[in-house]
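Undergrad: Sequence:
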Amino acid sequence: LSNSNDTRAVITQVNLETGKTRVMTNGEDGKKYFTFLSHCNDMDVVEVNGEEWLIVAASSKLQVFVVDDENGTLHHRAEFNVWHAGKAFAPVGMAVREINEREITFLFKGGYAISTGTVATGAEAGDIHVSIVCLIDVNKVPLGDGYKDLSHYLNQGMGYRDGVVYAVFSGC
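Residue numbering for the sequence shown follows the numbering used here, starting at 139 and increasing by one per position.
Hint data in this document are derived by calculation from the structure and do not stem from the laboratory.
These numbers were taken from a predicted model, which means no experiment stands behind them.
Note that CB positions come from ideal geometry on N, CA and C, so glycine has one too.
DSS-like mimics (lysine-lysine), calculated; alpha carbons at most 25 Å apart, straight line:
(1) K170 - K199
(2) K225 - K199
(3) K158 - K170
(4) K169 - K199
(5) K169 - K158
Between beta-carbon pairs, the in silico distance windows are:
(6) G297 - N238: 16 to 22 Å
(7) G309 - G188: 38 to 44 Å
(8) G284 - D206: 48 to 54 Å
(9) V204 - D275: 35 to 41 Å
(10) V186 - D265: 16 to 22 Å
(11) G301 - E166: 35 to 41 Å
(12) N209 - T173: 18 to 24 Å
(13) S308 - A258: 31 to 37 Å
(14) D287 - N238: 35 to 41 Å
(15) I237 - V271: 16 to 22 Å
(16) T173 - D207: 22 to 28 Å
(17) A261 - Y291: 31 to 37 Å
Go ahead and model the full structure; you've got the sequences and the hints to work with.
TA: Below, the structure is given as structure tokens:
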């Protein structure tokens, strides 16, 4: 697949026990790629009301899919626009912080800011307005015997577990 301009996204699934890899099928058209995802930055898999959901941060949108593991298919379920301070916001990282019967709370990483936003649990479309909860101090990070400035490092992806955000910075 030619993809020099982010027009096709391929999502793979890897079974860690068997090592088997498969390309997920687009449940809307049966193809092995998705044309509406553009540039994907991060994803998370969660269970909501007994369904396995794959949530993809793609440019300034969150795309939500229901996962059909038996057939290796992703069925598009919802799309949300992400906003910060009245402008479209394209997070470089995303994780689900909490799910309850009323809402799903997300964490987003944009630049050096960690933000949060919510959406109703059953919603199929709408807007997520995010607010900053903290900033990552990248100017003087303790490394080894000294300090390192990470402000020129690449900054994409994040993880979250038990109140702790894990942020990736890569550089030379």
